[in-house]
Amino acid sequence: MLDKPKLDPEFSSIWTLWKNGQIDLTGSLRSPGHQDPASVKSVEKYRPRRDRSAFSHYVQKSNHLYNILATVLCVFFACLMLMTVANLPLYGDPNAPTVNEVAERYVEKGTEETGAVNTVAGMILDYRAFDTLGESFVLFTSVCAVTILMNLSSKRQHVKHTKESINYADDMIVRGVCRFLVPLIMVFGIYILLNGHLSPGGGFSGGAVLGAGLIIYAMVWGEEQASRIISARLIKTVVLCSLGFYCVAKSYSFFTGANHLHSIISPGTPGRILSAGLILPLNVAVGFVVCCTMYSFYMFFRRGKL
Amino acid sequence: MTALLTYCTNLFNNYEEVVAVILFSIGFCILLFSRNLIKKVVGLDIMDTGVFLLLASRGYIEGRSVPIIVDGVTSMENYINPIPAGLVLTGIVVSVSVSALMLSLTVRIYRTYRTLDVDALYMMMSVSKGGKR
Amino acid sequence: MMTAFRIILLTALVICAVATAIVKKPMQAIIIYMAYSVIMSVIWILLESPDLAITEAAVGAGVTGILFFLTLHRINLIDKDAAHDQKQNEEQPSEKEKEETHAG
Amino acid sequence: MSFVQNFPFFSIILSLLCAVISFFLGARWAKRLTLFLLTSSIVLQSCILSFCFRNHISYAYMMGHYSAPWGNEIAAGILEPLFALLFAVVMLCSVLGGMHRMEQDVFPGKQNFYWIMVDLAHVSLMALCYTNDIFTGYVFIEICTIASCALLSIRESGRSLLAAVRYMIFALVGSGLFLIGVIFTYSVTGQLLFPQLYEAIGKLWAAGTYRFSMTVAIGLMVVGLAIKSGMFPFHFWMPDTYGRATPASSGILSGVVSKGYIFLLIKIIYRVIGIDIFTASGVQTLLLLFGIAGMIVGSVSAIFAKRLTTMVAFSSVAQIGYIYMGLGMGTQAALVAVFFQIFSHALTKPMLFLSAFQLSHASGGRQDFHSLHGAGHRHPVAGCTFTVGALSMVGIPIFAGFIPKLYFATSAFGLGWKTWPVLAALAISTILNVMYFLYTTILIWIPEEEGTHAHIRVKPQAGTVFPAVLLAGFNLLVGLQSAGLTTLFTQGMDLFCQ
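So the protein lines, in turn, are chains W, G, E and U.
In terms of the numbering used here, the first sequence has 119 at position 119, counting the first letter as 1, and numbering is strictly consecutive.
To get the numbering used here, take the position in the second sequence, counting from 1, and add 1000.
To get the numbering used here, take the position in the third sequence, counting from 1, and add 2000.
To get the numbering used here, take the position in the fourth sequence, counting from 1, and add 3000.
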């Protein structure tokens, strides 16, 4: 759509003309000279029933009003927010109200209580684990929603010629570089994932990096090849196991915590790779979920199925 | 006059937040004024990043370092506030899932209506009113 | 020194955002948005949050950008399909006409 | 700690697990699992409610090993399980009532995703009811938004997709504003949990520091949630969202999802900000004015609506306006009226949507008022339930809709200058309601002698009409036995407002 002068000049020209009040939008959309044939057909399908010129006049009027109102709203909002920012505690201030007993305990006792050297990982996966549980379910919800919208198995939406003109796997440079790059990215992703409690990173970043590696693989060697290795069933199973494990593990810890029962999970020796109790397995579970989510986003957008 | 001066000093000191607010407003403007759905989604993303910048800059403390306890130094004096970083991490993931959903809606709408111009879409919506379901 | 670097980056961020607002083509907007995300991830490092920097670089600049490009690609494909359909629709009647004339 | 006190947490984890398992199942088993989940959720909520009511307690439940300012928490008193119960009941009824139609509207391969989305909407509503942490609230608001968008767009017609885009844009701006409000609050108080926030905000307000930021933060949080629940100037997404979805989704979206946001808003107003500070900040008066405007604008738009479901959807704008007007009045009596309004609206709107879709099904699938002539004779049960809903919306005594209007009117006295606008708005809005609801009711009962659809007779299916009849029964129950609910509300408020 972008390299071909099909739609885009249309946007600009309608926009400028319309701003000067010279254009009747309905007319321009219908005139075959401006728009590609497909869009003309679809506009014809939704044939307006009332008087067109009166209607476009109405649209134009309401658009002017909308522009004025939106500008006023934006300016008002920006001013309000700037005034609020001027009234906030200073940036970088060590005595700000946010540096209170909560942050202090996270930093000072975090390593001892959760076993995680990385305070942020300890905070999101142990102290405030319910938020993070919700967050992984945001990903799950959105992958289901994208499946609903993009899955090609639905009625009347087959894209006919998806044949690619470029096959990247035949390109020597791309293939050669990717042969080195993809394993490197994957190893880096796994490193981030497993070291989430020791160094910056964790489930979300590691999973995103892994997902990006898989996406590059699928891009270069083709989606068929990728889906042979990573089948839809595999993805479903991994998501089911990771999220199920996450739910069960966390509900054990929530239940014992709330009922003041003894939990068998110990923080271990801080700094070791096998430490920090549940944080390492949870990081792995979250990482798998994020990785599968990113990869399935790619596959759904690319070819409409996993 | 002094009040105004204090305001300006505060604004100057909170420059990171000011930029965050400006980014949010730019994103909001793109959302309001752009007629292309894809650009609206970009506007939403910019809005979100503005919010995250605002949140993360609230946790920063001048001259302190990232809260990863390596040398056994556990005093709060050396580290920044870890809470905003954790919250922003949540926010970034929410933002990417929302934009994936918006983009898939965009594709479906283009498939049905062959246009991404919201005004044209709105027009089709209004003119096909009153008929069958 | 650090503050100057920070201010330069923030200015670049605002410039990128404004550029996204004023460019006409969605493609340009998306490319600028990816640059914006990369600048953002550097800013996260300056704000002492490397976790966010890694996530933003992988998610914001990587996956979101790819999703945007794929959306544009899909839209192009839909256009091509429509053109293809129309061509076929145009061809079929003409063949019929030929047959009719032949029969006539 | 009694075992029953774990139940809020169980209901949340159970629905999360059900959603994940349904991902692997076919549509039939996913359906069974969802129905099981909703039923068991009703049982769980009833247990919590009776436990809290008998012992007259409210408690905080630690999510993890760390106590209040450090870990996440959920809280339950009387009001939380009461509203969770309401949401579960209404969801179950609308899902059951719209199930048959949903199976026609949704592509068979995608039906299990519909059930997953119902599960996720359920978990987000439960979490919004029980949460005691403002950021958890934000995360579950987002789940709720995405799930509702999916419930709306799963019908895959062009119009529902457009409605979904519009809904998403409004909802995302709303959650962005809410998050900014949370950030401002956090940066001046340094807390995220409700009780600690309440304390910190009280201290800040008394000291007079950061008062402007706090006011803006309150305003942003309220506006964010108001956009998502469809308060008057931001109601543009509502008619299409409710009118174009499949009936089960319409019921869920209009009946419970918007109420979930409103309940979170009430929690924030009373348990985070505190009603005194909320009144002093001036946001309250704005809510009152916009609520009144919404009551009138919504009803006027409903009069001019050309489709039955659009009309019902516009009447939601008016009903949400009542709720915001009550929040703007700010007294305890008005809050009781608000709770009654939430109850009556949540019980009535899904019933109206279900019966409206059945009536239009009896009129050859058409929704314009001309075709609906005499539809009540073609589908008597749907006609009856629609009539009950319409009478309740108008505010006829013995129906649920009468109680909140009475309470609003009685609590309006002694409010100073606010008395007269509230009373006038109630009067005008009732007259407008009569104009469109009674007109429609009479229209569907006037027999059509010679018409295109006169010969159609729909044989009501027990499974489809039973939920609507059940909702009508609940409606009458609330209308006739309001004293019990009043006791629950007043006792709940003692525990709720610290």
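Treat the hints as calculated values from the structure; they're not laboratory data.
Source: prediction; values computed, not measured.
Where hints are given, some of them may not hold.
[Stated by the list, open to error] Derived coverage of chain U by chain G (criterion: at least 3 residues anywhere in the stretch with Cβ under 8 Å from a Cβ of chain G; other residues may be distant): (1) 3134-3142; (2) 3162-3168; (3) 3171-3179; (4) 3390-3400.
The C-beta atom is built at its ideal place from N, Cα and C for all residues, glycine as well.
Each hint tested on the structure:
no.: 1; hint: 3134-3142; in the structure: holds (count 3)
no.: 2; hint: 3162-3168; in the structure: holds (count 4)
no.: 3; hint: 3171-3179; in the structure: holds (count 4)
no.: 4; hint: 3390-3400; in the structure: violated (count 0)
Hint 4 from the earlier list is the only one contradicted by this structure; the remaining hints agree with it.
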